[in-house]
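Novice: Turn these sequences into a full structure, and let the hints steer you where they fit.
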Amino acid sequence: MSALAPSFADWLARCPLVAILRGLRPEEAVPVGEALLAAGIRVLEVPLNSPEPCESIRLLAARFGGEALVGAGTVRRVAELEAVAEAGGRLLVTPHAEPALVRRAKALGMLACPGCFTPTEAFALLDAGADALKLFPAEAASPAVLKAMLAVLPQGTPVLPVGGMGAESVPAWRAAGAAGFGIGSSLYKPGLTPAEVGERARRLVAALA
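Numbering-wise, the sequence shown is residues 276 to 484 according to our numbering.
Read the hints as simulated data drawn from the structure, not as lab findings.
Glycine residues also receive a C-beta, built at the ideal position from the N, C-alpha and C atoms.
Cβ pair distances, simulated, as ranges:
no.	residue 1	residue 2	range
1	357	443	34 to 42 angstroms
2	474	423	30 to 38 angstroms
3	464	354	26 to 34 angstroms
4	443	363	30 to 38 angstroms
5	393	337	35 to 43 angstroms
6	351	464	18 to 26 angstroms
7	474	404	35 to 43 angstroms
8	443	382	37 to 45 angstroms
9	300	427	40 to 48 angstroms
10	338	430	32 to 40 angstroms
Specialist: Below is the structure:
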């Protein structure tokens, strides 16, 4: 990735929502992606426990190019990460704190938003080169926990709560300093049409206004 490529903070500045597309099938990847981009969402995450995730990532990356940041979630192993990069994915998201994955992602020119729950994990991931941190599972934390963590993390560290996020919960986390939000089932779940996903996306974007 060139030095002039957008940072993760740049992508979040366009829209602070990360669409977690767990269960997405390759044949619906582009229509769902189009609906999300039309609503303003620019970061698309396909968890690796979805059907043929690298094929969906390949299709999204090929279709949307520089318009969206496309990557994978639920990445647990370096071999998985390398397959994502080969498919055109440019974002690593993990459910856990694994500095080795962050280091490999950075070596591949990718952006990295690994999962953490404690300051110990957060600092280890930042030392490995993480671009942002995913506070997970956010249901087990609170906006007050996020505010306390931000007080000790390097200034400007983007932290995104993930888990249980919806239009009603976003404002309190935003007030506590969340730089963005990973949105899963309240945005997309298998069986929804692209039009339904687009309507949910518009409601979530409106909740940020």
